[in-house]
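J.: Chains as they are written, first to last, in full-length UniProt numbering: chain A, 1 to 259; chain B, 1 to 273.
Check each hint, because a few of them may be wrong.
[Claimed, not checked] Take a look, some chain A residues computed to stay more than 12 Å from chain B by CB distance: (1) Ala25; (2) Gly65; (3) Gly77; (4) Gln113; (5) Ser233; (6) Arg253.
[As the list claims (entries may be wrong)] Ranges of calculated distance between the beta carbons of each label pair, as one might list FRET restraints: (7) B:Met189 / A:Arg245: 48 to 54 Å; (8) B:Pro102 / A:Lys75: 23 to 29 Å; (9) B:Ala100 / A:Ala242: 53 to 59 Å; (10) B:Leu185 / A:Glu237: 32 to 38 Å; (11) B:Met189 / A:Gly140: 21 to 27 Å; (12) B:Val121 / A:Ala167: 34 to 40 Å; (13) A:Tyr16 / B:Ile118: 20 to 26 Å; (14) B:Leu185 / A:Thr15: 32 to 38 Å; (15) A:Arg123 / B:Leu97: 44 to 50 Å.
[Said to hold, decoys possible] If you want the ones that stay clear, here's a sample from chain B, every Cβ over 12 Å from chain A, calculated: (16) Ser30; (17) Ile183; (18) Met189; (19) Trp263.
To be clear, the hints were calculated from the coordinates, so they are not data collected in a lab. These numbers come from a predicted model, not from an experiment. Cβ atoms here follow ideal geometry from the backbone N, Cα and C, with glycine treated the same way.
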Amino acid sequence: MLNTQDIRIEDVTRTYGVRGAELHALGPISVTLEPGKTTAIVGPSGCGKSTLLRIMGGLDRPSSGRVLLGGQVAKEGTTGIGVVFQRDLLLDWRNVLDNVLLPAQLQHRDLGQARSRALMLLRELGVGDFAMRQPWELSGGMRQRVAIARALLCDPAFLLMDEPFSALDALTRDQMGVLLQRVQNAGQTTSVLITHSIPEAVFLSDRVLVMSGRPGMILDDIPVDLPRPRPLSLRDEPEFTALTRRIRMHFERTGVLTA
Amino acid sequence: MSQASAAAAIATPEAAPRRLRSSFLLPVLSGIGGLLLWELAVHAFALPSYLLPAPSEVMVVMVEKWRLLLDQLQYTALAAVVGFVIALVISIVLGALIAASPAVERVIYVWLVVFHAIPKVVVAPLLLVWIGFGLQSSIIFVVVFTFFPMLVNTVTGLRSADPELLLVTRSMGGTTWQTLRAIRLPSAMPSIIAGIKISITLAPLGAVIGEFVASNKGLGHMLIQSVGSLEVPTAFAAVVVVSILGILTWYLAEWLERVAIPWHASQRGRAAE
Ligand SMILES: Nc1ncnc2c1ncn2[C@@H]1O[C@H](COP(=O)(O)OP(=O)(O)O)[C@@H](O)[C@H]1O
Ligand SMILES: [Mg+2]
Numbered sequence: 001m002l003n004t005q006d007i008r009i010e011d012v013t014r015t016y017g018v019r020g021a022e023l024h025a026l027g028p029i030s031v032t033l034e035p036g037k038t039t040a041i042v043g044p045s046g047c048g049k050s051t052l053l054r055i056m057g058g059l060d061r062p063s064s065g066r067v068l069l070g071g072q073v074a075k076e077g078t079t080g081i082g083v084v085f086q087r088d089l090l091l092d093w094r095n096v097l098d099n100v101l102l103p104a105q106l107q108h109r110d111l112g113q114a115r116s117r118a119l120m121l122l123r124e125l126g127v128g129d130f131a132m133r134q135p136w137e138l139s140g141g142m143r144q145r146v147a148i149a150r151a152l153l154c155d156p157a158f159l160l161m162d163e164p165f166s167a168l169d170a171l172t173r174d175q176m177g178v179l180l181q182r183v184q185n186a187g188q189t190t191s192v193l194i195t196h197s198i199p200e201a202v203f204l205s206d207r208v209l210v211m212s213g214r215p216g217m218i219l220d221d222i223p224v225d226l227p228r229p230r231p232l233s234l235r236d237e238p239e240f241t242a243l244t245r246r247i248r249m250h251f252e253r254t255g256v257l258t259a
Numbered sequence: 001m002s003q004a005s006a007a008a009a010i011a012t013p014e015a016a017p018r019r020l021r022s023s024f025l026l027p028v029l030s031g032i033g034g035l036l037l038w039e040l041a042v043h044a045f046a047l048p049s050y051l052l053p054a055p056s057e058v059m060v061v062m063v064e065k066w067r068l069l070l071d072q073l074q075y076t077a078l079a080a081v082v083g084f085v086i087a088l089v090i091s092i093v094l095g096a097l098i099a100a101s102p103a104v105e106r107v108i109y110v111w112l113v114v115f116h117a118i119p120k121v122v123v124a125p126l127l128l129v130w131i132g133f134g135l136q137s138s139i140i141f142v143v144v145f146t147f148f149p150m151l152v153n154t155v156t157g158l159r160s161a162d163p164e165l166l167l168v169t170r171s172m173g174g175t176t177w178q179t180l181r182a183i184r185l186p187s188a189m190p191s192i193i194a195g196i197k198i199s200i201t202l203a204p205l206g207a208v209i210g211e212f213v214a215s216n217k218g219l220g221h222m223l224i225q226s227v228g229s230l231e232v233p234t235a236f237a238a239v240v241v242v243s244i245l246g247i248l249t250w251y252l253a254e255w256l257e258r259v260a261i262p263w264h265a266s267q268r269g270r271a272a273e
C-alpha cells in the first residue's frame with residue numbers, strides 16, 4: 001500500500017468553451033487536503049464540484065493551476081485512485097465479482113489475491129451473496145455498494161466520491177454511510193466526498209468545505225472533530241447539529257436554501 | 001400489471017403445457033389449414049400445374065428430386081456462408097476504422113453511400129461480365145448484399161458507448177486499448193448483432209440472385225431453369241428449400257444473439273426458457 005498522501009489544489013480554475021462563449025465554472029481554488037482524512041465538499045448544484053473532482057482524478061485538466069496527488073501532478077493513467085461516481089456505472093456484461101475485479105485486471109495485478117479481497121469487500125458491504133449475480137439483478141443501493149468495492153479493490157491512496165449516494169432513498173443512504181466508514185480504511189486513504197446532504201457531509205468527514213455558487217470558490221472550511229467510529233445516533237447530538245447549522249447558514253445567506 | 005397477466009406469469013405445473021400448446025399448436029394448425037385451402041382451390045378450379053401446382057404435387061417433386069435439391073442447396077449455402085463471413089470481416093474492420101478516425105470516415109463514407117444507393121439487383125448482370133460464371137460471382141453478390149447493414153451497425157455500435165462508462169476505465173489507469181476491450185466493444189455488441197441479424201437473412205437471398213445471372217448450379221439457377229421450362233412444381237420445390245434455408249439462418253442469428261449478449265436487456269431471462 002502507498003503511504004498516506006495529501007492532495008494539494010493550487011490556484012485551480014476551469015473554464016469551459018460553450019458555443020463560442022466562455023463559461024467560468026470553477027475557482028480559483030487553493031486548498032490542501034490532509035493525508036488519511038476525509039474531506040466533504042458541499043455546494044449548490046452547478047458550482048463545479050464534479051469538475052473539481054474530475055480534475056483531482058486526472059480525468060480533466062484545469063484551465064490554470066494544478067492539483068498534486070502526493071506531490072505528483074494529477075493526470076490520466078495514474079493508478080492508486082479510486083473513483084465512485086453518482087451513477088454506479090457497473091458493466092452489464094460482467095457479473096458482480098468481475099465488475100469489482102476490473103481495476104486489478106487493467107493494472108495487471110495478481111488476480112487470485114484481488115479475488116479474495118473483492119469477496120471480502122463485498123461481504124463487508126453486505127453483498128457477499130451476490131458476487132456471482134448480474135448487476136441488473138441488484139437494487140440501486142446494492143449496485144452502488146459494488147461500485148464502492150470496485151473503487152477500493154486496489155487499496156487506493158486516494159478515494160474520490162462524487163455524490164455517490166444521491167440516487168438512493170434516505171434509509172439506504174444512512175446505511176451506506178455506516179458501511180462506507182467500515183471499509184474506507186480510515187487513516188490510510190485520503191478521501192474526498194462530494195455530497196449535497198449536509199448531515200451526510202458532517203457525519204462522514206473530518207472536514208467540510210463549503211463552496212459558493214458558480215464559479216465555485218471555497219466559502220468556509222469547517223473542521224469536524226467528532227470521534228470515530230460514529231454511530232447514526234450522533235446526528236442528534238448538539239455538536240453535530242451545531243455543525244450542520246453552520247453549513248446551512250451559508251446556503252440560507254446566499255439564497256440557495258430558503259427556510 | 002392486470003390480474004389476468006399476473007396470474008399467467010406464475011408458472012403453475014399446468015400452465016407450462018398450456019403455453020406450449022398455444023405457442024406451437026396454433027401456428028401449426030394455421031399452416032396446415034392454409035395448405036389444405038390451397039390444395040382444395042387448385043382442384044376446385046382445376047388449375048394446371050404450370051400455373052399453380054398443388055402442395056401435394058410440390059411435395060412429390062421434393063421427394064423424387066431430394067438428391068438434386070440437396071446438391072443445389074449445398075452449393076447455394078456454401079456461397080451464402082462464405083460470402084457472409086467475408087462481409088462480416090470487412091464490415092467489422094472497416095467499421096472499427098471509421099469509428100476510430102473521422103478522417104477515414106470522410107474519405108470512405110461517401111463511397112459507401114454511393115455504393116449502397118446503386119440498385120444491386122440491376123447491376124448483377126455486370127458481375128457476369130467482370131467476374132465470370134460460377135461460385136465466386138455468387139459469393140461476391142452475397143458480400144455486396146450483406147455487408148452494408150453490418151457496417152453501419154458496427155460504426156453506430158462502436159460510437160454508442162456511454163461516455164461516463166469510459167471514465168471508469170480511464171480513472172483506473174486503463175489504456176485506450178483496454179478501454180476498447182472492456183467498454184467499447186461490449187457496448188457495441190448489441191448493435192453489431194442487430195446488423196448480423198439483418199444481414200444473415202439476406203445472405204441466401206444474395207446467393208440465389210447471384211445464381212440467377214451467373215451460375216449453372218445452385219437453387220437460384222434451378223429456379224430460373226425450371227420456370228423457363230415450365231416445370232413449375234420443381235421451381236416451387238426450390239423456393240421451399242430456399243425458404244427453409246432462410247428460416248434456419250434466422251434461428252442461427254437468434255441463437256448467436258442469446259450466446260453473445262446474454263446480459264443485454266432484450267435477452268435477460270431468455271436462457272432460462
Ligand atoms: N463538459 C462541459 N462542457 C461545458 N460545460 C460544462 C461541462 N461540464 C460542466 N459544465 C458546466 O460547468 C458548471 C459546473 O458543472 P459541475 O462541475 O458538473 O457542477 P456540480 O457537480 O457542482 O453540479 C455547470 O454550469 C456545468 O453546466
Ligand atoms: Mg456534480
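J.: Hint by hint, say whether it matches the structure.
T.: Going through the hints against the structure:
Its beta-carbon lying about 18 Å from the closest one in chain B, Ala25 of chain A satisfies the requirement of being farther than 12 Å from that chain. Against chain B, the non-interface label of Gly65 of chain A holds: every CB pair exceeds 12 Å, the least being about 21 Å. With a cut of 12 Å on Cβ distances, Gly77 of chain A falls inside the contact zone with chain B, its closest approach being about 5 Å. Every CB of chain B is more than 12 Å from the CB of Gln113 of chain A (nearest about 17 Å), matching its label as outside the interface.
For Ser233 of chain A, the condition that its CB be more than 12 Å from all CB atoms of chain B holds, with the nearest at approximately 35 Å. Even its closest Cβ contact with chain B, about 34 Å, leaves Arg253 of chain A beyond 12 Å, as expected for a residue assigned away from the interface. Between Met189 of chain B and Arg245 of chain A the C-beta distance comes to about 52 Å, which sits within the given range of 48 to 54 Å. With their beta carbons about 25 Å apart, Pro102 of chain B and Lys75 of chain A fall inside the hinted range of 23 to 29 Å.
Remark: the range hint 53 to 59 Å for Ala100 of chain B to Ala242 of chain A is upheld by a beta-carbon distance near 56 Å. At roughly 52 Å, the beta carbons of Leu185 of chain B and Glu237 of chain A sit outside the given window of 32 to 38 Å. Checked against the hint of 21 to 27 Å, the pair Met189 of chain B and Gly140 of chain A passes, with Cβ atoms roughly 25 Å apart. Taking 34 to 40 Å as the suggested C-beta distance range, the pair Val121 of chain B and Ala167 of chain A does not conform, at roughly 53 Å.
For Tyr16 of chain A and Ile118 of chain B, the hinted distance range of 20 to 26 Å is not satisfied, since their beta carbons lie about 45 Å from each other. For Leu185 of chain B paired with Thr15 of chain A, a C-beta distance near 35 Å keeps the hint of 32 to 38 Å intact. With their beta carbons about 45 Å apart, Arg123 of chain A and Leu97 of chain B fall inside the hinted range of 44 to 50 Å. Against the 12 Å criterion, Ser30 of chain B stays outside the reach of chain A, whose nearest CB is about 36 Å from its own CB.
Remark: the non-interface label on Ile183 of chain B conflicts with the geometry, its nearest Cβ contact in chain A lying 7 Å away (cut-off 12 Å). Non-interface call for Met189 of chain B relative to chain A: violated, since the shortest CB-CB distance, roughly 8 Å, does not exceed 12 Å. Separation of Trp263 of chain B from chain A is inadequate, the least Cβ-Cβ distance of about 5 Å not exceeding the 12 Å criterion.
Hints 3, 10, 12, 13, 17, 18, 19 from the list above are not met by this structure, while the remaining hints are.
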